[in-house]
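S.K.: Generate coordinates for the entire structure from the input sequences, incorporating the hints supplied.
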Amino acid sequence: SQTIHQWPATLVQPVGSPLSLECTVEGTSNPNLYWYRQAAGRGLQLLFYSVGIGQISSEVPQNLSASRPQDRQFILSSKKLLLSDSGFYLCAWVNPRGTEAFFGQGTRLTVV
Amino acid sequence: ILNVEQSPQSLHVQEGDSTNFTCSFPSSNFYALHWYRWETAKSPEALFVMTLNGDEKKKGRISATLNTKEGYSYLYIKGSQPEDSATYLCAFRGGTYKYIFGTGTRLKVLA
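Each protein sequence line maps, in turn, to chains H and E. Oh and the first sequence: position 103 is 103 in my numbering, straight run, nothing missing. Oh and the second sequence: position 58 is 58 in my numbering, straight run, nothing missing.
Read the hints as simulated data drawn from the structure, not as lab findings. As the structure is a computational prediction, the values presented were derived from the model and not from experiment. Built from N, CA and C at the ideal position, the CB exists for glycine as well. It is possible that some hints are incorrect.
[Claimed, not checked] Taking beta-carbon pairs under 7 Å as the criterion, some of the chain H residues facing chain E (in silico):
1. 43
2. 46
3. 49
4. 53
5. 103
6. 108
7. 112
M.R.: Following this line, the structure appears as structure tokens:
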């Protein structure tokens with residue numbers, strides 16, 4: 001069965017520092033992968049999705065970027081964090097038909 | 001822009017009341033609609049996956065219906081309990097690869 005590993009679970013970073021959150025998937029190949037963010041008091045907003053190696057689609061303009069260097073690896077990055085980047089970040093795998101979805105444990109990021 | 005809207009935004013009910021929420025999504029190019037129970041800063045807990053127009057699913061006191069032609073789904077909770085307090089999310093998968101969460105309904109069940 002599919003498993004999603006996402007780390008770290010919590011992170012406190014100063015403003016202006018870089019960010020790298022990693023998500024890896026086991027138990028499937030060529031997964032469709034997604035990054036979401038929950039900002040304070042809001043729902044889960046889609047940030048990026050990827051349907052294959054090197055293929056990244058961005059949903060909203062922001063201070064973040066994503067990369068898919070390997071089939072089962074999806075990375076969320078920032079060169080310089082802003083206070084507004086604080087939030088809960090969630091990685092997900094959804095099967096091509098959209099009938100199954102699995103989630104990582106999430107990362108709670110606090111930018112100070 | 002693909003919008004998935006939920007209403008109401010928040011809801012307070014008394015223990016024992018029955019309640020329902022709505023998820024509205026695009027009616028074209030439908031693949032699947034998911035319902036989740038979600039607590040802030042945690043992974044969503046899957047409730048239902050719905051794929052066919054007219055689908056009705058049930059798990060205990062919670063049930064859901066789906067109308068893909070008009071683009072809505074209802075989630076029902078019968079005899080609400082305090083432990084049902086959470087945010088309920090729907091998620092829509094259409095013809096693109098986007099998997100979009102709704103805006104959520106925050107339910108508070110008062111004892």
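S.K.: So, for every hint listed, does it hold in this structure?
M.R.: Going through the hints against the structure:
1. 43: Cβ of residue 43 of chain H sits 4 Å from chain E, so the hint holds.
2. 46: holds, 6 Å
3. 49: holds, 6 Å
4. 53: Result: violated, 15 Å to nearest chain E Cβ.
5. 103: holds, 4 Å
6. 108: With a minimum Cβ separation of about 6 Å from chain E (threshold 7 Å), the hint on residue 108 of chain H holds.
7. 112: At 17 Å from the nearest chain E Cβ, residue 112 of chain H fails the 7 Å test, so the hint is violated.
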